[in-house]
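Q: Line by line, the protein sequences are chains A and B. Every letter in the first sequence is one number past the one before it in UniProt numbering, and letter 204, counting from 1, is 204. Every letter in the second sequence is one number past the one before it in UniProt numbering, and letter 112, counting from 1, is 112.
None of these hints come from the bench; they were simulated from the model. Source: prediction; values computed, not measured. Treat the hints with caution; some may be incorrect.
Repeated chains share a single entry, so a pair holds when one copy, or any two copies, can fit it.
Below, simulated DSS-like cross-link-like pairs (lysine-lysine); rule was C-alpha separation at most 27 Å, straight line [what the hints assert, rightly or not]:
id	residue 1	residue 2
1	K215	K94
2	K73	K213
3	K228	K20
4	K94	K20
5	K73	K228
6	K73	K40
7	K94	K228
8	K228	K213
Protein chains: 2
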Amino acid sequence: MHTSFHRYNPMIRKLESIFKLTEDERQALENLPMQVAVIKDDQDIVREGDCPSRSCLILSGFTATYKITAGGKRQIVAFGIAGDIPDLQSLHLKVLDISLTTLTPCQVGFITHEALRDICTRYPRIAAAFWRETLVEGAIFREWVTNVGRREGYNRMAHMLCELLVRLRVVGLAEDHTCDLPITQSEFADALGVTTVHVNRVLQQLRADGLIKLKGDRLNIPDWDRLKEAGEFDPAYLHLENNQAAA
Amino acid sequence: MHTSFHRYNPMIRKLESIFKLTEDERQALENLPMQVAVIKDDQDIVREGDCPSRSCLILSGFTATYKITAGGKRQIVAFGIAGDIPDLQSLHLKVLDISLTTLTPCQVGFITHEALRDICTRYPRIAAAFWRETLVEGAIFREWVTNVGRREGYNRMAHMLCELLVRLRVVGLAEDHTCDLPITQSEFADALGVTTVHVNRVLQQLRADGLIKLKGDRLNIPDWDRLKEAGEFDPAYLHLENNQAAA
DNA sequence: CGTGAAATTGAGGTAAATCAAGAGATGTGG
DNA sequence: CCACATCTCTTGATTTACCTCAATTTCACG
Numbered sequence: 001m002h003t004s005f006h007r008y009n010p011m012i013r014k015l016e017s018i019f020k021l022t023e024d025e026r027q028a029l030e031n032l033p034m035q036v037a038v039i040k041d042d043q044d045i046v047r048e049g050d051c052p053s054r055s056c057l058i059l060s061g062f063t064a065t066y067k068i069t070a071g072g073k074r075q076i077v078a079f080g081i082a083g084d085i086p087d088l089q090s091l092h093l094k095v096l097d098i099s100l101t102t103l104t105p106c107q108v109g110f111i112t113h114e115a116l117r118d119i120c121t122r123y124p125r126i127a128a129a130f131w132r133e134t135l136v137e138g139a140i141f142r143e144w145v146t147n148v149g150r151r152e153g154y155n156r157m158a159h160m161l162c163e164l165l166v167r168l169r170v171v172g173l174a175e176d177h178t179c180d181l182p183i184t185q186s187e188f189a190d191a192l193g194v195t196t197v198h199v200n201r202v203l204q205q206l207r208a209d210g211l212i213k214l215k216g217d218r219l220n221i222p223d224w225d226r227l228k229e230a231g232e233f234d235p236a237y238l239h240l241e242n243n244q245a246a247a
Numbered sequence: 001m002h003t004s005f006h007r008y009n010p011m012i013r014k015l016e017s018i019f020k021l022t023e024d025e026r027q028a029l030e031n032l033p034m035q036v037a038v039i040k041d042d043q044d045i046v047r048e049g050d051c052p053s054r055s056c057l058i059l060s061g062f063t064a065t066y067k068i069t070a071g072g073k074r075q076i077v078a079f080g081i082a083g084d085i086p087d088l089q090s091l092h093l094k095v096l097d098i099s100l101t102t103l104t105p106c107q108v109g110f111i112t113h114e115a116l117r118d119i120c121t122r123y124p125r126i127a128a129a130f131w132r133e134t135l136v137e138g139a140i141f142r143e144w145v146t147n148v149g150r151r152e153g154y155n156r157m158a159h160m161l162c163e164l165l166v167r168l169r170v171v172g173l174a175e176d177h178t179c180d181l182p183i184t185q186s187e188f189a190d191a192l193g194v195t196t197v198h199v200n201r202v203l204q205q206l207r208a209d210g211l212i213k214l215k216g217d218r219l220n221i222p223d224w225d226r227l228k229e230a231g232e233f234d235p236a237y238l239h240l241e242n243n244q245a246a247a
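Build out the structure end to end from the sequences listed, making use of the hints.
A: Shown next, in the form of structure tokens:
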């Protein structure tokens, strides 16, 4: 079925960059029952405290996984892009400890936990691949702790931009050193643990230093090596194995 | 076998607080081949970049999972206590993105990935339980990002102490509101993304406010409610389900 | 009882927060 | 198509939480 192949493209593409799927496994993934929905921007998909019975595959658009502190501040703990399943954890953790929102209009596919459990039982390698996905997600969290805990604003932002570009490359959403990046400065602030004002100043500095060109939703990185250096960025934690996107 | 039961106690105890293990499953866990080792304090168990062929179950003692930035700063991204398998990720992620060190003398059990894969194949519920463990670990990382990104030193430290106490309770290493906590101020600093000096000042403030008593390795929390409030601590992210330790 | 690690204290400096205001964008409805 | 609201970005002035540097004191322990 061409349509269903197309739908799953970003996730399958990501899995195939690590595992060689058998024809059977690929078929099983393509035929996973999925309810596709189009969601406006700034809409919560699930909320902290929910007990969802399905998980959400991002087909297009950007999402943010976030928490609100008792003091009312928002911390974004992850950005989601095409191919990600940001709440896959809910397959094994009953109550959600995070909220998930769209940053842009998104096309998402809801897959029931039942269907996911079923495919995991029948295809242990797919189960391992999903497990692995959540482990990579964990590795990214570790890097974020380090980024927020031990780097200054300037380098922190540089690191974030490096990560986003590489992840977008993996799913074919970046050509070379350019990509669409519809994330506002205030959203970056919530992800980096700084204020909007500071994000603004740091971005200006990065521009002035010739490390990035950022205009509207469009990011271009004229000097990848220097940006990587500024962000102390080593893509090893993304566990892309031999994927060229890391280069 | 009494000895092997004893060895696995902390991990099995943790799993059983969530899953009801069948006799079969419990036997399989107790019989997991494990190479027990005693390790001095401040010894790396594995290092970033390693490709280990086994994972490490902590039987006793405290460990830290950390990264070193290009600038030479250390960020601790997790504390490990009895029952944890801090490098279980290496089962599916070939290259380690973190280093693991002992903070105190530790008794650890090395379990080969082969043995782990084998038990996961034969007991899918155990596979799910291990997967779940790594998901809870991920949830803790998310909370740490939030803690470091959005709370001030004082509240950040309060939060950390709350988390440690609850986790120690789960494995029976805390009575009521008291526990052994052999973590130095400089280690707390590396975990919280602040300096040792600042940790010291913040701890003094917490003591002065009557929220904690901390003398040497011994932590006592005279006013749990106020400490929780200061740390904005809600144990939901630890996903303890009905475990009393969360109370 | 000495010795090194851990904890503590003080003084001065800085990255980033806060507060406040304005300038572009972008979109909506009349 | 313009008026108006709203969101995002930008800039400046001031404040502060935390850092840096540098001693000193306390403590654990062989």
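Q: Work down the list of hints and note, for each, if the structure agrees.
A: Here is what the structure says about each hint:
1. With identical chains, the CA atoms of K215 and K94 are never at most 27 Å apart, being 41 Å at best within one copy and 38 Å at best between copies.
2. Taking the closest pair of Cα atoms, K73 and K213 never come within 27 Å of each other, the shortest separation being 29 Å inside a single copy and 29 Å across copies.
3. Proximity of K228 to K20 under the C-alpha cut-off of 27 Å is found in neither arrangement, the shortest distances being 30 Å within a copy and 48 Å between copies.
4. When the C-alpha separation of K94 and K20 is checked against a cutoff of 27 Å, the pair qualifies only between copies, where the shortest distance is 16 Å, while the shortest distance within a copy is 31 Å.
5. Only between protomers do K73 and K228 lie at most 27 Å apart by alpha-carbon distance; the minimum there is 17 Å, versus 29 Å within a single protomer.
6. For the homomeric pair K73 and K40, the shortest alpha-carbon distance inside one copy (23 Å) is at most 27 Å, but the shortest distance between copies (41 Å) is not.
7. Taking the shortest alpha-carbon separations for K94 and K228, only the inter-copy value of 23 Å comes in at or below 27 Å, while the best intra-copy value is 38 Å.
8. Taking the closest pair of Cα atoms, K228 and K213 come within 27 Å of each other only inside a single copy of the chain (15 Å); across copies the shortest separation is 44 Å, beyond that limit.
Consistency note: the structure conflicts with the earlier hints numbered 1, 2, 3.
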